[in-house]
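There are 6 protein chains.
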Amino acid sequence: MRPSGRELSEMRAVSIETGFTKHAEGSALIKMGDTHVLCTATIEERVPPFIKGSGLGWVTAEYGMLPRATNTRMRREAASGKQGGRTVEIQRLIGRALRAGVDRVALGERQITIDCDVLQADGGTRCASITGGWVALRLAVDKLIKAGDIISNPLISPVAAVSCGIYAGQPVLDLDYPEDSEAGVDGNFIMTADGQLIEIQMSAEGSTFSRDQMNSLMELAEKGVGELAELQLAACA
Amino acid sequence: MRPSGRELSEMRAVSIETGFTKHAEGSALIKMGDTHVLCTATIEERVPPFIKGSGLGWVTAEYGMLPRATNTRMRREAASGKQGGRTVEIQRLIGRALRAGVDRVALGERQITIDCDVLQADGGTRCASITGGWVALRLAVDKLIKAGDIISNPLISPVAAVSCGIYAGQPVLDLDYPEDSEAGVDGNFIMTADGQLIEIQMSAEGSTFSRDQMNSLMELAEKGVGELAELQLAACA
Amino acid sequence: MRPSGRELSEMRAVSIETGFTKHAEGSALIKMGDTHVLCTATIEERVPPFIKGSGLGWVTAEYGMLPRATNTRMRREAASGKQGGRTVEIQRLIGRALRAGVDRVALGERQITIDCDVLQADGGTRCASITGGWVALRLAVDKLIKAGDIISNPLISPVAAVSCGIYAGQPVLDLDYPEDSEAGVDGNFIMTADGQLIEIQMSAEGSTFSRDQMNSLMELAEKGVGELAELQLAACA
Amino acid sequence: MRPSGRELSEMRAVSIETGFTKHAEGSALIKMGDTHVLCTATIEERVPPFIKGSGLGWVTAEYGMLPRATNTRMRREAASGKQGGRTVEIQRLIGRALRAGVDRVALGERQITIDCDVLQADGGTRCASITGGWVALRLAVDKLIKAGDIISNPLISPVAAVSCGIYAGQPVLDLDYPEDSEAGVDGNFIMTADGQLIEIQMSAEGSTFSRDQMNSLMELAEKGVGELAELQLAACA
Amino acid sequence: MRPSGRELSEMRAVSIETGFTKHAEGSALIKMGDTHVLCTATIEERVPPFIKGSGLGWVTAEYGMLPRATNTRMRREAASGKQGGRTVEIQRLIGRALRAGVDRVALGERQITIDCDVLQADGGTRCASITGGWVALRLAVDKLIKAGDIISNPLISPVAAVSCGIYAGQPVLDLDYPEDSEAGVDGNFIMTADGQLIEIQMSAEGSTFSRDQMNSLMELAEKGVGELAELQLAACA
Amino acid sequence: MRPSGRELSEMRAVSIETGFTKHAEGSALIKMGDTHVLCTATIEERVPPFIKGSGLGWVTAEYGMLPRATNTRMRREAASGKQGGRTVEIQRLIGRALRAGVDRVALGERQITIDCDVLQADGGTRCASITGGWVALRLAVDKLIKAGDIISNPLISPVAAVSCGIYAGQPVLDLDYPEDSEAGVDGNFIMTADGQLIEIQMSAEGSTFSRDQMNSLMELAEKGVGELAELQLAACA
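Just so you know, the protein sequences line up as chains A, B, C, D, E and F, in that order.
Per full-length UniProt numbering, residue 1 is the first one in the first sequence, and the count goes up by one each step.
Per full-length UniProt numbering, residue 1 is the first one in the second sequence, and the count goes up by one each step.
Per full-length UniProt numbering, residue 1 is the first one in the third sequence, and the count goes up by one each step.
Per full-length UniProt numbering, residue 1 is the first one in the fourth sequence, and the count goes up by one each step.
Per full-length UniProt numbering, residue 1 is the first one in the fifth sequence, and the count goes up by one each step.
Per full-length UniProt numbering, residue 1 is the first one in the sixth sequence, and the count goes up by one each step.
Honestly, the hints are just simulated from the structure, not real lab data.
Keep in mind it's a predicted model, so treat the numbers as computed, not measured.
Keep in mind that a hint or two might mislead.
Given that identical chains are not distinguished, each listed pair holds provided it fits within a single copy or across any two copies.
[Claimed, not checked] With a straight-line cut-off of 30 Å between C-alpha atoms, the simulated DSS-like cross-links for lysine-lysine are: (1) Lys-82 with Lys-22; (2) Lys-143 with Lys-52; (3) Lys-146 with Lys-52; (4) Lys-31 with Lys-223; (5) Lys-52 with Lys-82; (6) Lys-143 with Lys-22; (7) Lys-52 with Lys-223; (8) Lys-22 with Lys-146; (9) Lys-143 with Lys-31.
Build out the structure end to end from the sequences listed, making use of the hints.
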């Protein structure tokens, strides 16, 4: 029934390649099917003005898409002179999600910026960014620990994200682009490896959904995040 | 326990004054406690390029805050040269929410823009905008029906929104600013009057939440939206 | 002869409601007929760089119009990415006008920002902004005096503004929008309650005017400002 | 008493050199003392959208200042990414002033753009721009008449501008920069050669002025504009 | 003598992987040592306004760098709201270079956009972009030919680019970042496979160079471009 | 053969008028035929952040063109909200070129900004800017030396620039606009008075060139720069 032939609760093939670039303190190329996102982590010994002197650390994120990551070329945001509303929304989401899994006292007064750049898109880029971004974050934190710059691990639990939606009347896990563009209801679930919720964004375009459907989607999300968390930990090992 | 002395499931006093401005095709000043939002509806006999010639209508929204709607003055977005990420996110949300309650075929190929301008803020401005915005939209649609420009009512059901969150360990309904700034978990539920879900945005900042908590919040939201829908219909009568 | 049936030297009904918003140090909703402007005053204990350390205070203003304050919706300036030329001109005028009535030594090294936001427009928004803005300024200054932050009153005299023009060949006072859009000659007179001039802006579009006509307009302006000054003082009492 | 040693009603030496650049349809380098402005006129066979098809012509203006036209270098507006408020105000003024002296029916549906670029500034650049701009406009119109593109002369009368102000308690004509920066009251008078008024902009910064003073300034302005109009006509001859 | 231990006339290891992304009409990941650039070609059946209707085709390029492609993170250009001067210069250069090798009549009235995005930088990104960009262009053109959309091959000869400079007093080929940041003189040579020159950009920062040195650099460039052209053709085979 | 009737190796008439504006520390109006550029030098006792505290000076440049410097009016860059790619390229080139001729230790920790504003354009504006800019720079440096602010002359040798190209199959010196717009190959040579090279920018649009042609152009450039250097020194004497 799904265009890809997958089961309703079957994720796409996922791979995470660490060390994809040499300059960043942490980097990971995550592939969720044909969605490929390069995530890098940059450590800076400074924090935004609003927490200066607080002793707390900060994790933030930026998101971008190469112009031809999509089927038809999109205008380069740098050329149009601003980040679009969708970009701003996504990068704020990534930052919030990753911060939820960080003990900011343990991190200490420094900032880690996660850059998520989509090299190829086929649906679910924000979920891939969060999942791959956590790996880059973890690698950067490992470097800090190894160097003795921080003592206790500020990463509480892996944070991963997966999309779910109602496609052709059925709840499905991990929508690819053909599904995403048809689904009347879809959203993203961001969770920790131990099943706690961090963020839910469910949205219906030209449609509505019931609490029962919401519960089915939540079940799928728990399954998906569990699988992703294992891959994240394996990639960092 | 709540700073305002309200019960956990008690909303703030809500009033909706229609006809607040004379030029708009529909207008409503909604007050949810000390949060006051002026919502206006503008009808235009044109649609965005991507649906031109489709016969479908469009509903969109823009959101703004007067610089001193808040406790400390915020920089005017027109002066800083762009709408901030928060503004962009909110106005996209309002637009999506209102569109979900519209039969775009029945609306016909025209656009209705809902402007939501916060005159005074005390938490929950996006929920007030959606709830008041629907009233302005309904008044504009009534005008179109009365003029014979559209035949069948494109508004399927009232759309209202309410915030819920975990405050001091307890699930509470309709957070005001003092609660909002302390809550580790909070979000917005957008629903139709008959209890169908349109959008859920739950988010934890520096914290997580369980499925049980999520269910409690959903209960509160259903109660709140039910109350708001009655006020919406009364205001339009 | 006037579309509104007013006498040549008759102003529209004017009302000034103070305390319209709760956060600002001073606020006033001024209505000059169907022109409604919300004016708020914000006190900040800092001044612009060019007078830092001088001991002098500063009063500045910003102006905005809600998109549907007018008969047809105007594009939101925050969305178009800059304040238009008209906006910039008006807010500079408001700031200059209000500063002319302030003893900046007595004010002390602090800044008061007057935000003037037009909720509904029907001609004469800049005059309403100055007149209402002075009330907001006065209320903020009263708060400073009451708190003992300043000793001698820095407000020399009420500052008010009124428009005059040649409509259908006749000098008229306080043009509303239908008159304003037809008048070949019109302008604004900003004066103190005791009849001293602060600023005159007379302008002819596709026409010219004589010194005699200029004198007639000046007479009307003196009458109008006198009436406004009484209302300002009453509102602050 | 004046820093320059001039009489109260004495203008600076004024010269107007036409044909300063070869590409423009009209050009004039005007020197009012040490204020030097290059004015060019560009004819285009198109008009702004809002008068398309009306048969009416349009005259508009743009204003700029070279970064080192002033005593200390100002940031280049093209580099800062926008025209400042002062620039916008001035170019709107120049456009309005010149349009007031044009019969837009006789001009026909075409646009003339007057660019006024200050090569060296010493006070009064907007007056010099209007006065020199009219000469460039006239030369361009002459070209249109000579080519048979327009039949009746659309230029009704020369338009010239001069500044006046209260300096050291005395009304003075044509303020230079040292006077301008000290004057509590100053402004610009734009008039036709036959003494009709087009625009008055009088402004007091930290001060006020009386109707008697206003009358004295008006006298000076009439004298100044009369002298300028003669120079304009001589330059075009 | 070179930090990398290379001979003076030895290039870094170069590899070109085609088909790196699935959406683009042509794509190549070029690696010149640690400089990795992803080049994609997008075909559009439209041309810029200035050649509309001419029957001629157009080739243009855009360039970007991921924020952490470099040793320290650079601000994302989309976030700062404009492309920097360096970016603009480089993308104009790439476009000019590739156009020089295209028969625009044979291409027909369509546009091919080459996006060059630097995933990792270690000197010479503009040369890698041109060299890899030509491969992406060639693959896109091959697709057009195969589809019968164009008849005669518009690509005259491979276009490749290499940097040369004076490092530690010696002329060297293909500078990496450590050399580039030390070299007083360096530049880029863009040539066709048969040794014709397309563009030379030699520049001395805080230094000068002689005609003899220029000749030595030209020799190196010819050698380098020859090697690159072979790799380009092999990659496209 | 050349449209102007000049010999292949003949430059246009060149004049350099110093002291054209009174405020700048150095100024020169250079005319290369009908290309007229006003160059001013501004001394500031501060340097960009990246060399603060280094003891080194900085020379930078900005470039602009009056809207009607060209045959058809170009949009004012300040109005379009950014400097175009061509402008950015040119001003970076001018800055680099002038810095190459400066001993930055001898200059001391201060910045000199060269503004080059084209009053009238007829090809070769960047070369005129560099050549005239050096004169303005030299005059400013002379002022510093005279005032005892610097001891040893930081200007090593005059820096001048000239364009060369292949026009109608022949190498020509100092292209004017009619030649420039037809030439398939052209570029700029920036050199010191003693024949050392600073920058070469040769570029073919839709064409290529050989090493032999490159050598002929170099010969012409040496001749041209020699003549310009003499004029520069004469102007400063």
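Inset, instruction - Could you work out which earlier hints the structure fails to respect and list their numbers in ascending sequence? - result: Going through the list in order, the structure violates hint 7 alone and respects the others.
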